[in-house]
Amino acid sequence: MLGKDLGSADEGLYPPNFDPTYFSAQSWADRVDHWETDNQGSGFSGGNVAVIRQVLSDPETGLRMVVNITADALRSFLREGTYRNLYDIPIVGGSARQPSPERVFVDSRVGLGANTHFGAVALGGTGVRFYGEYCMVIKLDRVAADTGLFDRDSYDILSEPLNELELTDEQLNSLRGTWGDDAVDMALRRVLSEVTHDVRLVTSGTVSERLLRDQEYIEVHLDGTFTPTDLEEVRLSPDDAAAEFAIAERERQGLHTTLVERMWRQRRGDVIQDLANAKLPVRVVTLHGKGYQWK
Amino acid sequence: MEVNEAPLAWYLDAWAVRDGVAFASARPADSVDARNTVFLSVPDLQPTPVGRITTALGATRRGFQAGLRDFNGVEVAFDSIAQVREIVRRGYLAGGLGPGGAATPAFPIPPAEPGAGGGAYFGDAVAGSPWADTRWYEPGDREFQVLRQQVPLTELARLVQRFAEATVLEWEWTLQGKALAHDDHRRAQWGLREWYLTLVSRAIWADTGELGHFVVANHCRIGNQLLEGSDYRSFNLHLSGRLAPERQFSDQALLQSAPCPLLRRWNPRISRLIDKLLLALSDAEYFAHNTQVPELIPTLLAAVLSAPAPPSLHTAFGDGVSSEEMVDQAVGWLAVQTPQVELPAAAEMLISDYAWNQLEAPSRGVPR
Chain A
7 MLGKDLGSAD EGLYPPNFDP TYFSAQSWAD RVDHWETDNQ GSGFSGGNVA VIRQVLSDPE
67 TGLRMVVNIT ADALRSFLRE GTYRNLYDIP IVGGSARQPS PERVFVDSRV GLGANTHFGA
127 VALGGTGVRF YGEYCMVIKL DRVAADTGLF DRDSYDILSE PLNELELTDE QLNSLRGTWG
187 DDAVDMALRR VLSEVTHDVR LVTSGTVSER LLRDQEYIEV HLDGTFTPTD LEEVRLSPDD
247 AAAEFAIAER ERQGLHTTLV ERMWRQRRGD VIQDLANAKL PVRVVTLHGK GYQWK
Chain B
627 MEVNEAPLAW YLDAWAVRDG VAFASARPAD SVDARNTVFL SVPDLQPTPV GRITTALGAT
687 RRGFQAGLRD FNGVEVAFDS IAQVREIVRR GYLAGGLGPG GAATPAFPIP PAEPGAGGGA
747 YFGDAVAGSP WADTRWYEPG DREFQVLRQQ VPLTELARLV QRFAEATVLE WEWTLQGKAL
807 AHDDHRRAQW GLREWYLTLV SRAIWADTGE LGHFVVANHC RIGNQLLEGS DYRSFNLHLS
867 GRLAPERQFS DQALLQSAPC PLLRRWNPRI SRLIDKLLLA LSDAEYFAHN TQVPELIPTL
927 LAAVLSAPAP PSLHTAFGDG VSSEEMVDQA VGWLAVQTPQ VELPAAAEML ISDYAWNQLE
987 APSRGVPR
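Residue numbers (the numbering used here), protein chains in the order written: chain A, 7 to 301; chain B, 627 to 994.
Keep in mind the hints are simulated off the structure, nothing from the lab. Please note that the accuracy of each hint is not assured.
Stated by the list, open to error - Simulated restraints on C-beta separations: (1) B/675 / A/247: 47 to 57 Å; (2) A/262 / B/742: 35 to 45 Å; (3) A/220 / B/802: 47 to 57 Å; (4) A/247 / B/726: 21 to 31 Å; (5) A/275 / B/769: 39 to 49 Å; (6) A/235 / B/805: 40 to 50 Å; (7) B/656 / A/202: 22 to 32 Å.
The beta-carbon is built from N, C-alpha and C at its ideal position, and this holds for glycine as well.
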């Protein structure tokens with residue numbers, strides 16, 4: 007287990023203005039225990055730890071690796087049968103004369119290779135929608151136990167305040183984990199800081215929303231690629247479904263639509279057809295829990 | 627807000643060209659020191675603040691191209707978010723072009739041979755037009771005022787009708803040959819039926835006599851099947867929604883599948899009707915290179931099929947919108963769809979090259 011038993015929380019791994027119970031050399035499980043000890047005074051903290059752990063751990067409905075993908079890339083993936091996440095040659099224009107120094111730096115510090123494929127840890131929901139409107143859910147048994155995790159977007163080490171620290175290997179290790187050993191505790195620790203514990207127990211919808219919000223997520227580093235048969239399902243956002251319906255309705259009423267809108271709507275239909283041909287389940291969902299599942 | 631901050635140019639950080647999704651930042655060139663980072667995505671392309679450029683950098687690990695550079699590796703600077711939005715929009719449209727484009731056809735129809743088949747049929751219509759050599763476009767005339775002043779709507783409607791008929795003929799003749807595999811043939815046949823219906827709904831033919839004459843004179847097998855036991859009124863009722871849920875293809879899918887008949891001098895790599903529309907909407911110089919009336923007509927037909935057109939039962943009673951009104955609406959629609967925002971010269975060149983390369987680079991001497 008990466009980062010396990012490396013020391014106690016009070017050794018000052020990070021500067022004092024960082025939460026020492028989170029930015030710690032302890033294992034993620036110990037960090038959860040530490041948080042629980044520190045928050046015993048909050049009436050629902052113990053109950054919340056139990057509830058959240060149960061929700062995250064359920065093999066049927068719990069944590070998954072998700073990969074967001076755009077429509078054209080998804081169609082290409084289904085056609086070619088292998089997921090690729092790198093396009094070294096630009097589609098429009100020329101290439102940089104040298105590789106991006108930021109990328110070289112992050113890859114080298116975080117230990118990422120050309121065969122690393124990126125995803126996010128999610129409980130329900132539609133993933134990191136910035137990276138594509140289609141959220142591919144990877145089957146649990148396809149994510150190896152030693153699959154790497156990073157507690158944030160690895161590019162965030164370029165941003166303040168982490169970029170000012172000249173992160174040591176030990177500091178970086180404290181942000182890492184593996185799917186098999188740490189996924190639940192990393193997720194649990196992340197969510198615990200984000201919910202209140204004085205009033206009531208949290209729901210699975212809240213857990214889902216706190217675990218992955220916009221571009222705040224736990225990054226998954228899958229070694230190797232995957233195929234359409236490795237997908238459990240593909241999730242769509244109700245926001246996009248509503249936009250699609252609104253455009254269709256404007257078309258039906260004879261109101262103005264742009265060619266971009268018409269092409270976008272048509273391509274969504276094409277994607278649904280491709281997914282049906284591939285016999286992949288498709289669902290429109292918001293977060294998690296009863297009331298969040300659309301069909 | 628700091629008052630004395632010098633304005634920074636905008637740069638694309640990450641761009642999924644064919645999907646119309648991008649991140650852009652106000653920052654120095656070749657730097658991640660961004661003052662502001664936004665996310666844009668079709669269909670609305672409204673800039674959304676992201677808060678940190680690292681999210682954009684992460685996109686380059688997920689199939690987005692890293693920024694936009696010229697062929698010397700220099701990052702292309704934009705003066706405004708409006709320009710960024712415009713290049714993302716035009717990149718999305720251009721990405722649909724060509725045989726490998728993202729605007730995939732519902733079934734394959736072989737490319738037309740320039741000057742033959744439907745192209746010859748349209749060529750005859752052009753030869754009879756007093757406006758065939760009229761220069762209808764002047765650079766900067768974004769409202770198409772010159773077109774409206776120089777060419778009567780009745781003539782535009784006549785040429786649009788002839789070109790629509792040319793697409794039908796290409797389609798009919800393809801189905802009479804053996805170019806398509808069984809499933810594709812069946813789907814293309816369904817598609818042609820719905821193409822007829824779509825054209826009728828857009829008042830391409832004034833009445834049933836006109837359509838019937840065309841179908842009979844040109845031995846249109848599918849057209850004849852449609853008209854057998856039918857009259858124009860029931861044909862229209864059929865269109866007006868009663869059987870709409872049973873359609874196999876949307877108007878957009880048909881537009882992405884319909885063939886593009888070609889006059890003798892036209893670029894032979896243009897194979898679908900939508901290619902003509904996408905070129906006009908993604909390459910700001912397209913009409914500057916195609917200033918004569920016949921070259922506009924395929925784009926105008928595609929615009930007729932894309933412009934607002936309320937489905938109306940009244941059409942069935944001879945009280946619908948005329949073809950001239952349809953063309954007029956299409957010209958208005960086209961005027962707001964063609965490039966409205968001028969891009970930096972390097973960006974204009976790159977997006978134009980991309981659009982034409984989508985069709986595969988035309989050989990030397992082939993006109994744009």
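Each hint, compared with the structure:
With their beta carbons about 24 Å apart, residue 675 of chain B and residue 247 of chain A fall outside the hinted range of 47 to 57 Å. Take residue 262 of chain A and residue 742 of chain B: their Cβ atoms lie about 37 Å apart, and the range 35 to 45 Å holds. At about 55 Å, the CB distance of residue 220 of chain A to residue 802 of chain B agrees with the hint of 47 to 57 Å. At about 28 Å, the beta-carbon gap between residue 247 of chain A and residue 726 of chain B stays in the expected band of 21 to 31 Å.
Between residue 275 of chain A and residue 769 of chain B, the C-beta spacing of about 33 Å breaks the proposed range 39 to 49 Å. In this structure, residue 235 of chain A and residue 805 of chain B break the distance hint of 40 to 50 Å, their C-beta atoms being roughly 34 Å apart. Hint check: residue 656 of chain B to residue 202 of chain A, Cβ distance near 44 Å, so the stated range 22 to 32 Å is violated.
Going down the numbered hints, you'll see the structure goes against 1, 5, 6, 7, while the others check out.
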